[in-house]
Amino acid sequence: MYQFSSKLKIGAIALMVIGLIGIIISFASAPSTEAEAAEILAHQEAAHGAHGEAHGTKTIAHEETHEHTDKEAHYVDTTHEEHPDHHAEEGHDSSHLEHVFHQLQNRPWAAFYVALFFFTFVTVVVFAFLNIQRVAQAGWSIVLFRVMEGISGFLPYVSAIFLVFLVVTAFHGNHLFVWMAEGTVDPSSPNFDPIIANKSGWLNVPRWLICSIIYLVGWNIFRFLNRKYSLLQDNASDLVNYHKNYKIGVAFLAFFIFTESMSVWDWIMGLDPHWFSTLFGWYVFATGVVSALTVIAMVTVYLKSKGYLEIVNNSHLHDLAKFMFGFSIFWTYLWFAQFMLIWYADMPEETTYFVQRFDEYKLLFLGMIPLNFILPVLMLVNSDFKRIPQIVLGAGTIILLGHYIDVFVMIMPATVGDQWGFGWGEIGSVLFFLGLFIYAVFTSISKAPLIAKGNPFLHESEHFHY
Amino acid sequence: MSTNKVIHALYNDDDVLMDAVKTVKEANHHIEEVFTPFPVHGLDKLLGLPHTRLAICAFIYGLCGLSFAIWMTNYMMIEDWPQDIGGKPNFAWVYNMPAFVPIMFELTVFFAAHLMVITFYMRSRLWPFKEAENPDPRTTDDIFLMEIPVEDNEEELTALLNTTNAVEIKVIEKH
Numbered sequence: 001m002y003q004f005s006s007k008l009k010i011g012a013i014a015l016m017v018i019g020l021i022g023i024i025i026s027f028a029s030a031p032s033t034e035a036e037a038a039e040i041l042a043h044q045e046a047a048h049g050a051h052g053e054a055h056g057t058k059t060i061a062h063e064e065t066h067e068h069t070d071k072e073a074h075y076v077d078t079t080h081e082e083h084p085d086h087h088a089e090e091g092h093d094s095s096h097l098e099h100v101f102h103q104l105q106n107r108p109w110a111a112f113y114v115a116l117f118f119f120t121f122v123t124v125v126v127f128a129f130l131n132i133q134r135v136a137q138a139g140w141s142i143v144l145f146r147v148m149e150g151i152s153g154f155l156p157y158v159s160a161i162f163l164v165f166l167v168v169t170a171f172h173g174n175h176l177f178v179w180m181a182e183g184t185v186d187p188s189s190p191n192f193d194p195i196i197a198n199k200s201g202w203l204n205v206p207r208w209l210i211c212s213i214i215y216l217v218g219w220n221i222f223r224f225l226n227r228k229y230s231l232l233q234d235n236a237s238d239l240v241n242y243h244k245n246y247k248i249g250v251a252f253l254a255f256f257i258f259t260e261s262m263s264v265w266d267w268i269m270g271l272d273p274h275w276f277s278t279l280f281g282w283y284v285f286a287t288g289v290v291s292a293l294t295v296i297a298m299v300t301v302y303l304k305s306k307g308y309l310e311i312v313n314n315s316h317l318h319d320l321a322k323f324m325f326g327f328s329i330f331w332t333y334l335w336f337a338q339f340m341l342i343w344y345a346d347m348p349e350e351t352t353y354f355v356q357r358f359d360e361y362k363l364l365f366l367g368m369i370p371l372n373f374i375l376p377v378l379m380l381v382n383s384d385f386k387r388i389p390q391i392v393l394g395a396g397t398i399i400l401l402g403h404y405i406d407v408f409v410m411i412m413p414a415t416v417g418d419q420w421g422f423g424w425g426e427i428g429s430v431l432f433f434l435g436l437f438i439y440a441v442f443t444s445i446s447k448a449p450l451i452a453k454g455n456p457f458l459h460e461s462e463h464f465h466y
Numbered sequence: 001m002s003t004n005k006v007i008h009a010l011y012n013d014d015d016v017l018m019d020a021v022k023t024v025k026e027a028n029h030h031i032e033e034v035f036t037p038f039p040v041h042g043l044d045k046l047l048g049l050p051h052t053r054l055a056i057c058a059f060i061y062g063l064c065g066l067s068f069a070i071w072m073t074n075y076m077m078i079e080d081w082p083q084d085i086g087g088k089p090n091f092a093w094v095y096n097m098p099a100f101v102p103i104m105f106e107l108t109v110f111f112a113a114h115l116m117v118i119t120f121y122m123r124s125r126l127w128p129f130k131e132a133e134n135p136d137p138r139t140t141d142d143i144f145l146m147e148i149p150v151e152d153n154e155e156e157l158t159a160l161l162n163t164t165n166a167v168e169i170k171v172i173e174k175h
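Those protein sequence lines, which keep their order, are chains A and B.
Here UniProt numbering is used: the first residue of the first sequence is 1, the next is one more, and so on.
Here UniProt numbering is used: the first residue of the second sequence is 1, the next is one more, and so on.
These are computed hints drawn from the structure, not numbers from a lab.
Heads up, some of the hints might be wrong.
To be verified - Calculated from the model, a selection of chain A residues having no Cβ within reach of chain B, i.e. all distances over 10 angstroms:
| no. | residue |
| --- | --- |
| 1 | 135 |
| 2 | 383 |
| 3 | 387 |
| 4 | 465 |
Unchecked claim - One side only, chain A facing chain B, incomplete, derived with CB under 10 angstroms:
| no. | residue |
| --- | --- |
| 5 | 340 |
| 6 | 343 |
| 7 | 350 |
| 8 | 363 |
| 9 | 382 |
Here a beta-carbon is modelled for each residue, glycine too, at the ideal position from N, C-alpha and C.
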């Protein structure tokens, strides 16, 4: 049995408290009137004299592109007309100020949402990976089942926060989802948006909220059942519970393959209601699965370093690292496939998505290539390196950072535009959920023996060697 | 004289073979070679064979393929015969880079795979029309064969191998 050390517990609670303070500061410092927003803007302009210069070079770059291809530059221009830069000489017209005001108001919500989604999704994908192992009747991973179950034990906590967040969003507590705004489907309203109106069969608040609740509650029911029968199997004399868990796993995976895509449409792709990508569900899943495997590996390495999990050998770690390596490449494949098709086809309604990311998020967007692809591949390509816990931890930290940025770049452009940054809200939210994660996961792990001794494949897993 | 002599011990199961290799190794005898109809998992470790360096070759070959693809796409599509495809700018390689990524990927894989196979053949001294080196054609079907050089200890080795459930043991004069 694992003992949740009081040192770690205090650390987790400290992280939660610091994170919560950060979140509260970010909400308190968000402007509540347009006048306050104007003040923040004026302050920004004064503080970022250098930023104006950078903008100057950007304009030259655009002119260069203009010489070479009228078409591409045209799209760039269009977005600039839609979101006039606040350094533009014509000054701040009132509609622009209103726009920035909403972005600044969105920022603490969006910062919280990025961390909330990232942690929720990684947790549910860890649970999905556990079920893949069950359904495939894999032999190697049995000694890691209690680690995966422990991480899945975080699901009820984040789901509860997520549910509150969804209800607040649905009742207009925040304005992250533009399609929820007043009058977007009403032809007589100045806010009328024909594209959103055409999609109102899917994009309407009751459907959105009910489906979101079904995803979260569904996942939690499967997790509860899985855990229950897994614990019952420990002291069972027959395999009834094992077979029940197998069937639950099959049902969950069938449920998850649909709800994973649909939840991502609802929760992420809906932020850009004009834009769509057919492989979006897979792409976000790739981010989730590589982070999930990393989290499993990190928790395993931690427990092992504390002297638990004696029968986990370096071949188990090797296999986890292989998954981290492979899914990093898989993520790159999907990330690039989504980009390349849109870049090649060059249709304005699709390219706006990437134009905004190239204009306002260039460092983060392109920074994902080294973080999520080049570094993990180079660090984990060597067979021996996959067995060294320090290297797995190092590569894992890079992977988690890179995929947090991936989620950041998915959510932020549509909600805060160019008003993004890493301040109290962003860092506080990550620390809060990290603290909650440590608290929930290690509490869950400490409640059951670390070895699922009733599993019929346990012997095979114990003697697993590469 | 006795240095040319080898013992061939034949087995019909990979688990039995593995146990036999263990026994012989524990008795401190040198195993010259083991012939198997399929790769036996863990046999290389048991025999104490050094780790293959083919993976390092594969990585270098992949880099060669990547470089070749970059050179090739630049020469074909930018320098020699620029083409306007889908209105994309074609005056610099980097502007068209996304279109070349599939080519870069494929040539990396192509070079790594093919050169790795060729390297493996060369390293194993295999080429067309080469005469087979396996001492018993049954090792290509269902029989596992362990070859141990004899150094004036024929009796002792035979006795040891007799305990390992070998289906056949023969002493052979090697040329």
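- What are the numbers of the hints that this structure violates, sorted from low to high? Hints 2, 4, 7, 8 contradicted; others consistent.
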